[in-house]
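Engineer: Now for the letters of each chain:
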Amino acid sequence: AQSVTQPDIHITVSEGASLELRCNYSYGATPYLFWYVQSPGQGLQLLLKYFSGDTLVQGIKGFEAEFKRSQSSFNLRKPSVHWSDAAEYFCAVGGSGGSYIPTFGRGTSLIVHP
Amino acid sequence: DTGVSQDPRHKITKRGQNVTFRCDPISEHNRLYWYRQTLGQGPEFLTYFQNEAQLEKSRLLSDRFSAERPKGSFSTLEIQRTEQGDSAMYLCASTTGDRGYNEQFFGPGTRLTVL
Numbered sequence: 001a002q003s004v005t006q007p008d009i010h011i012t013v014s015e016g017a018s019l020e021l022r023c024n025y026s027y028g029a030t031p032y033l034f035w036y037v038q039s040p041g042q043g044l045q046l047l048l049k050y051f052s053g054d055t056l057v058q059g060i061k062g063f064e065a066e067f068k069r070s071q072s073s074f075n076l077r078k079p080s081v082h083w084s085d086a087a088e089y090f091c092a093v094g095g096s097g098g099s100y101i102p103t104f105g106r107g108t109s110l111i112v113h114p
Numbered sequence: 115d116t117g118v119s120q121d122p123r124h125k126i127t128k129r130g131q132n133v134t135f136r137c138d139p140i141s142e143h144n145r146l147y148w149y150r151q152t153l154g155q156g157p158e159f160l161t162y163f164q165n166e167a168q169l170e171k172s173r174l175l176s177d178r179f180s181a182e183r184p185k186g187s188f189s190t191l192e193i194q195r196t197e198q199g200d201s202a203m204y205l206c207a208s209t210t211g212d213r214g215y216n217e218q219f220f221g222p223g224t225r226l227t228v229l
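For the protein sequence lines, the chains are V and C, in the order given. Our numbering applies: residue 1 is where the first sequence begins, and numbers increase by one. Our numbering applies: residue 115 is where the second sequence begins, and numbers increase by one.
Isolated chain C, as found in the complex (with noise of 0.2 Å):
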């Protein structure tokens, strides 16, 4: 399969330990986002990437949170010290191109629960 791909599917973790998200983009794409999805909401973006370089951090939702890219590649979302309001399925997609009407390509996304 050569489509988005998340890891892990699902992750428990207790409040105040931290967590690692893994996205493995479409291999030709070049934009990387992360999203977060709450019940009954639509994706709220965080950051995204062009190749290695973050464009867009300033929506992470706190200091908590950080995103890579290192190699261009694949990226991880990290979210230190935990708190129960991060609980939430958090979205990986990816896009190819420049253009603001690219089609993104979701991955199915990690959910977090935060005991």
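Same shape as in the complex, but just chain V (with noise of 0.2 Å):
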């Protein structure tokens, strides 16, 4: 069975510092992972996505991650936060065996100080 986890439930960080969100997956094949971002009152919104090919990703407003089969990892980075990009994270991990259906983590409160 497939399964995500955050371990941070909530991360504070200035405005102007590095983020670094955490997620490790459990799946037993080439996984496809996802990040998406939900701001309150709004539907998640995807920021970036592995499939196959180059680990590192580049997403939306800045966003990348890099994709580490030997730690089961898929972290989220951003070098320089910006106050609107406090909100939930989630990681997801979905099947490429055919199954069509992703698997979300609890997600990670991300809190951004002046």
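Hint data in this document are derived by calculation from the structure and do not stem from the laboratory. Remember, it's a predicted structure, so these values are computed and weren't measured experimentally. There could be a bad hint or two in this list.
Some chain V residues judged to face chain C by a derived CB distance under 8 Å, without partners named [what the hints assert, rightly or not]:
(1) 43
(2) 51
(3) 90
(4) 94
(5) 104
By construction, the Cβ of each residue, glycine as well, lies at the ideal position given by its N, Cα and C atoms.
With the hints as a guide, dock the two chains, each given alone in a separate frame, to form the complex.
Structural biologist: Here it is in structure tokens:
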């Protein structure tokens, strides 16, 4: 069975500081991996995804993530956080073996201090 | 706006009542997903459709939950005999194609409160 662990429930950073949100997954085959962001009152929006090729993936809003198969990780990074990045971030794993049902982590709440 | 829409945005009901939520996907999207999201958790998959066919429904939470997509366009999620534990955000998402890595586009959700 596939699963996702986001070990940090809350992360607090200062505006302009760098950010790394952790995601570990469990999946028996090559995973499809996603990061979504959810702002209050809004639907989830895809930041980036990995399904093959280059393990460093660039996304929207200046985010990037690196797939590390040996560590079963797909951590999200941003070099300089803006106050508008404050939101809930979800990592998800989807199946490459014919299952199109993603499993989401519990999310990490990002708080940005001015 | 051509995004995914959900109606209503909020629903307050009394325990034991039936509720129905509607989702209108992006028009050319053939796949439609329903999720439940409780406080402090990520979306939890419930069911999905490809066109009008419901391809997975074993993860619906109980037999009180049912979903339809009669013409392969909009979808409804019904909860019968609601319980307080059904209080949650219900999310709809749509996507196109038949690849597991295709982006899902989410609606804003319907927040259900069962008193």
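Engineer: The structure should be examined with respect to each hint, and the outcome stated for every one.
Structural biologist: For each hint, the structure was consulted:
Contact between residue 43 of chain V and chain C, as hinted, is supported at the beta carbon level, the nearest pair being about 4 Å apart and thus within 8 Å. For residue 51 of chain V, the suggested interface contact is upheld, since its CB lies about 4 Å from the closest CB of chain C, less than 8 Å. Proximity of residue 90 of chain V to chain C holds as hinted, the smallest CB-CB distance being about 5 Å (cut-off 8 Å). The interface hint given for residue 94 of chain V holds, since its Cβ lies 5 Å from the closest Cβ of chain C, which is under the 8 Å cut-off.
At its closest, the beta carbon of residue 104 of chain V sits 3 Å from a beta carbon of chain C; the interface hint therefore holds under the 8 Å criterion.
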